[in-house]
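Q: Residues per chain are reported as follows:
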Amino acid sequence: MSWRRWCKPGHPAQLVLGFSIWSIWFIAMYAGLSVVCQFAAPAPQDGAANWLNYMLWGLTSAVITLLLLMAWRGWRYCRSVPHGNRTLRFVGYVSTVLYVMAALATLLGGLPVLVLAPCI
Amino acid sequence: MTDANKATPMAADIKKLAQIWANLPGWGSLAAVNHSTIGLRFMVTGMVFFLIGGVLAMLLRTQLALPEQSILSADTYGQLFSMHGSVMMFLFAIPVLEGLAIYLIPKMTGSRDLLFPRISALGYYCYLFGGIIIMFSLLLGIAPASGWFMYTPLSSSEFSPGPGSDFWLLGITFVEISAMAAGIELTVSILCSRAKGMTLSRMPLFCWYILVMALMIVFGFPPLILASILLELERAAGMPFFTVAAGGDPLLWQHLFWLFGHPEVYIIFLPAAGIVSTLIPVFSGRPIVGYRWVVIGIILTGFISFGLWVHHMFTVGIPQLAQAFFSVASMLVAVPTAIQVFAWLATLWYGKVVFRLPMLWICGFLLIFVCGGLTGVMLALVPFNWQVHDTHFVVAHMHYVLVGGMFFPLIAGLYYWLPLVSGRMPSEKIGRWGFWLTFGGFNLTFLLMHLTGLLGMPRRVYTYEAGLGWDWLNLLSSVGSFIMAIGVAMVLLDLLLHFWFGKRASANPWQADTLEWALDMPPAQYNFASLPIVTSRQPLWHDPALPQRIAAGEGGMIGTTSGRRENWGTSAVSARVQQTLHLPGNSWWPLYSALALAFVCISLLCRWYPLALLAAIVALVLLLCWSWHNGANLQPVASPSDAELALPLEYQSTDGPGRWGMVVTLLANGALFMALLFGWFYLWTAAPQWSAPAEGPLPVTLLLLCGALATIALWQFNRLSTKLADGQDSQLQRQLWWCVLTGSAHFILLLSLFIMAPLAYTSSAHDAVIMVILLYLLGHAGLAVLLTLLQALRVGRGYVSKHRPYEPQVVKPLWFYYLGVYWLSIVSFFILPLGWGQVL
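Going down the list, the sequences are from chains A and B. One point on numbering: in the working numbering, the residue at position 61 of the first sequence is 61, and numbering is uninterrupted. One point on numbering: in the working numbering, the residue at position 73 of the second sequence is 73, and numbering is uninterrupted.
Everything labelled a hint here was simulated from the structure, so no lab data went into it. Note that beta-carbon positions come from the ideal geometry of N, C-alpha and C, so glycine has one too.
If you anchor each label on the Cβ, the simulated ranges turn out as follows:
hint, chain 1, residue 1, chain 2, residue 2, range
1, A, R5, B, K429, 54 to 60 Å
2, A, R86, B, L751, 53 to 59 Å
3, B, G285, A, R5, 37 to 43 Å
4, B, K802, A, R86, 36 to 42 Å
5, B, L140, A, I27, 40 to 46 Å
6, B, A686, A, W51, 19 to 25 Å
7, B, F136, A, W51, 56 to 62 Å
8, A, I24, B, L374, 28 to 34 Å
9, B, P287, A, L107, 30 to 36 Å
10, B, W588, A, R5, 38 to 44 Å
11, A, A62, B, R719, 38 to 44 Å
12, B, V244, A, L107, 35 to 41 Å
13, B, K802, A, R76, 39 to 45 Å
14, A, R86, B, G440, 44 to 50 Å
Incomplete in silico selection of chain A near chain B, CB under 10 Å:
hint, residue
15, F26
16, M29
17, F39
18, V91
19, L98
20, L111
Isolated chain B (complex conformation) (with noise of 0.2 Å):
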């Protein structure tokens, strides 16, 4: 791409792609999808509810300041330290990671845009309006008040009967949307569209620890997701997966919610060493010390992170065995994180250190992070676990790890970065006042902490008495946090103030390596002018003019002629390019949709729940509408700069970036559906009063037929979509259309045993079940035949034909993943419990 022969971008082009790549002007800009744009607003938004977090922590140290305080009364004090972990946890840590990552990832992988743009738009907007509903509840007075774990039966109506829990279970599940969307959406765009010649090995480390993190979110989050689901069952229709006289466990709850907790703190802290990871390098003016070593790092902490959850529970009543196994699990993460750790530290020691601002919170990460890992492992170790369990010992290792493993990273990253989102250099002398009073502050507040909870002081106390040793130690705590918060403020009016005093900053100030730097301070929409070529792991230091020679064209894909958001998608080991990607533009369509599901979340905090069923339908409507507006384009228009390499177009080839994406969200679906598959082994095989009917509640022979019919549906898809792939599309859409009378003869044999079932679930946690499994599958096969329906139609419109054969492939891995829980489903639930009654 490099030759004479390529056109230097004129001045035409760059103008006709910012023309392209512009947001809407106005309140247009609400329909803006571009991955700058989106990143900022998360960051922006989740810097506002860290803000709101931190006044509530602000609250609670001033209650806690001086034994037998009235400040706040005990109710008061348990909405407080609910709603500061439920903000901290999942609105501030993970949104404002989820938007460094949006805006950067694109920029460091030599991108225009993220490759589901519009998925990033509804997350923003699904974070946004959740958050809002959430806070809501503390204005109201009726916020959750069972800690930010809501653990039953504390949280079910029993014993929070206002609506505080709801807000909790439908606001979170709510945001966690959002979650989803940023970790599928980023999980694609780093595999399938990087800079040409970006191999893995070449990949930037940060893109390593996103693109972890992204897969951990995939995993870890549908466990929680599908708690809160059961848990508003339970409080909402009665259904009782969590009350033992019905047959339910609390501890099922606990399970599910630490399968989820204890991975979203490496979820956390991987984006967050990933900043560690690309600065150190930079101000030691040396490539890592390790790479490969940390990217091994780097996988093993996010599959171990998911073997810890029972050290959660060590004093629940576990046998000694099983703890053994969990204890020796958090030992072992510990090693992956060594293996950063002293990378890191080689990296220092072989570079020539420059102690720039963002160095300071580097150093201070370092040594907070490492104190917060020790006593982790002390808190691995079961004996000790017992002592400090629910003492303020935990609240201090917790913070340590939070604190200290995500907060000062992202404040070294907010300054690294900063320069290239401005295009101003901060005040180094507010910020070191800042990182000095964050850091002495942080420590006077939780060092103590651990003596505190040493001494025996409970978490969870909104007062306690004078003269048991605490009394110093609380007072100093709180004297602490105040330091802690005037230094925060202080780094928070530097970051403000430079947008208007900051120095101009230089090119590329930091002299780093990686390829966002090669952009305008700050960037344009689109980015890059032509896309980088990388012939390197530090594109920038082995090729000091790279910037100017993207600025000049000297890239790919320059220009567009298509009228249309163009990208390159490439392939995910060697960055080989093999297609044209056009991105969809600016649009209403996440709003309009974040809007009805927002709806459908306050219609079922009032219990409306025709009204929620209502919303619900509009969701599902306009989601498909549009979906049917984000296909094939029936004028594509080639690129001139890729025709000499004749890329075809993404719905033009069999596979794609789209197809990526359905699997990736299918794995996510089938982690909700293991961890209800868990529930149910869970509940046969632990509840104290598990009981379940002699006879199943429904026909296996009947659900054999229906899964007969189920298993022909996907026979038929799977047949005209192969031949479809080989270019074979006579009879297309008959065929599409057998496949739906097929497909909807399954819904509705599998509907009307539905119906018929005779499900106590109000009485039973089996019948509960029974019914979640039953309403999943048939979600699940009505939208398999609901897409296949609108590929018959989109067939009729020539959206898809031998020429446009990609929308069905994509379709395909839901028959087939649909197809396998159905089957493992009525083994599981139907089957297995004939032969295992008598047993068991």
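Okay, chain A solo, but in the shape it has when bound (with noise of 0.2 Å):
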């Protein structure tokens, strides 16, 4: 199957794997934040401390651990490949910082739902 052959570290798909998730994510954290302040808003005077800023920060640590693990991953499998084969050594090492990358953009980008209320 050509989609497992896409999943496993050294395959090019992993070059833009990583912030592709971070893609969806972003868009689903805008969405999100979208739909439920035109629709059901948390009340303004809880703050960031509300069941949306909750679920959005949920999101946000289950997409940074799942990219960290990719990038755990493809770490390991950069040091098993031998040093003879130069294109795949550059391809698990370019996309295991790309997951740090976009593990990195995650992180910051979630950081506001922290501190800030989210429908004001």
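Reconstruct the complex from the two isolated chains, following the hints.
A: So this is what it looks like as structure tokens:
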């Protein structure tokens, strides 16, 4: 199955998978926030401590965990590839760093959830 | 391939190559498709539009030089600044960089041409005709006057009743066909046709930049294409997507425009940064520091730049948390840019820098672009953004980023690759004068403009009162702009004069490392007499004798006996040679198709709708005829140079560039569909007066039945194409006819539902969106059926069989795509509203 190949570390699809996950998280955060604020906005006096922010932070934490796991898997793969195979090492190394970057971008993007009220 | 058995290419081989790859003489050159010709045409045309845009800028600065001037009226000023922005962004920046990429990519990757050369030619003609149509509005004094971003409702028919907005919407959409064509073609060419051994990790950085830029075009342009179509439908047919009273929302335009608009900045910046990453190592005499980190930076930029669009809309009333997301993302994009800047600085630090003319422009770029980047981070901060929104500060920032980030590297690149194009060197003296005048004039103009903005001068005003503290700043800005214009004129003069008076260039005059310098100067139309084999990231530094060895026939695919334009098809990651590609030669189809499309555009502008429909049918017929003639050859001749490798021809295999091209095209199509889906949900949740009927406009059961027919058609097509790939072609034509029949039944049922649907599309945004999605589905269903019909006919003619199983594999992704969007549409537009109707 080609999809299984795509998921293996070292496949070039890994170069874009980390930030594709980040993109989906980003859309989910923005769209989720917009829809909830329109139709079921938490009370403003609750500040940042409300069910919506908890859910958004939960999503953020889950995505960060997933991305870091993928990075760890990529790193292990890089160490297992023979030094002679430069192309696979290149793809593995670059995609590992991109997973870490995606996790950092998710963390930084999600931090405002901890301090800002959502629908003001 | 370097073994002694391989024959050295004889003069006869070279002569034959030259004949096969030559453009037709005289008027026949209009049928040229070769990437060198098309790339140069893009660049020359782009420079002409640049001059026009520059003259417009001079007029604007003349008007603003002193307070309360009336050289230009408010309306004329509005037209000129709208056209200045539109021309510079759509007719200069992107096409010139695309032209550079089209010219360079095959040469850098060791190929003879791009993989879809006729698409390149179509793209060029769409660009040319679209540009002429837009410029015509200026000549007639009816140019768009709502800014290059065309915000609604200012650009809607109520406030812009003339045809100006229509010129923009139709003309720019026409030009965008060209950008999409280049984006798709460059992506596939970089991935599927590199020199043997040029793995991803050995690919020149310029190719990485162009690959990411091309993919950004594929995903970034469709939202604007959709927005333009919707606004034109609103203006021409009264479909109220952006009208509040009918359930629309003008902010939807801003979202769709900036979904394109912000990535656009990086679409322009990335190729320019690619030039910088190419030139700095050459003039530093060492490989770039941190190749892998630069690649990481490029990919990061490509993704993060899609998450910033709302920072253009911080003042429209968005919840603070949403603003914070976009603010953080806007600051994050500085990280990959900084990675690249530090890699460039480190390369300069560790190298022995030679300050030749191109390096002056690179240094100018570094200074200006870093300043522009810093003001960009300032603008990412919401409170500061609120303060300077719509002031000249933003104009100054934008020009620092775009002129610094694109124009300076472009000129550096033009000077650098000029000897390759002409075989002559530019004048260092005139070039240095040109640089210093441009650099000084630019900073005088735009550095001061930051202050003008901070003092509160709004942008887009045609004049201002005296005594507000803006007078001297505007005067100096205008003086600076004229100095800059003199500098640019000197550069262009230098570029022009060097063709006659420039010194003859020596081979590889800059001691560069990339493959294009292994070519003759100017290069032959076929680029390489034998295709190079790459063993290093810096092939010419690693093997200085490579140009001689390529010319002596020590590479691959020497000469040709098939009588067609040939190239290698290679694997995407490891660049293993997989197949022989027969590339199409000179053709009139692109010109004829573009002419028909231009006629569609003009007819729509003049509101001659029957004629527009006729022209659209002619365009479709021309494109289908083109596709018929572009397919497999019935009498393939094996190329002797490949016989020893037993390489299959593309159409004898089940995978190849055509299939990749289809998939990338569908990715672009998917981006357009997702933008439409976004628009639907946005209006549903955010439009102030959105209203939906209590019951859906179409019976869901019939839609499900319709979907079942489409599913059966896909199942039939998938089954027959899989069997074909396995070498079974019994009953192939019959199976295709069955697929056509089922697909037609689906199409007819969908068409009947569409005709019978009680859609009040001129008074309800809800119904207008439903109408658009139904038309979208009908168009795709019709196309899938039509292409399957052609396949059935081609089986009869012998073009498709178990020996030539390729074409159905190209059509198959379209069926999968269509079925996916059909069911997604049914759920999103017809089923979900039934459940949510009461809640929302």
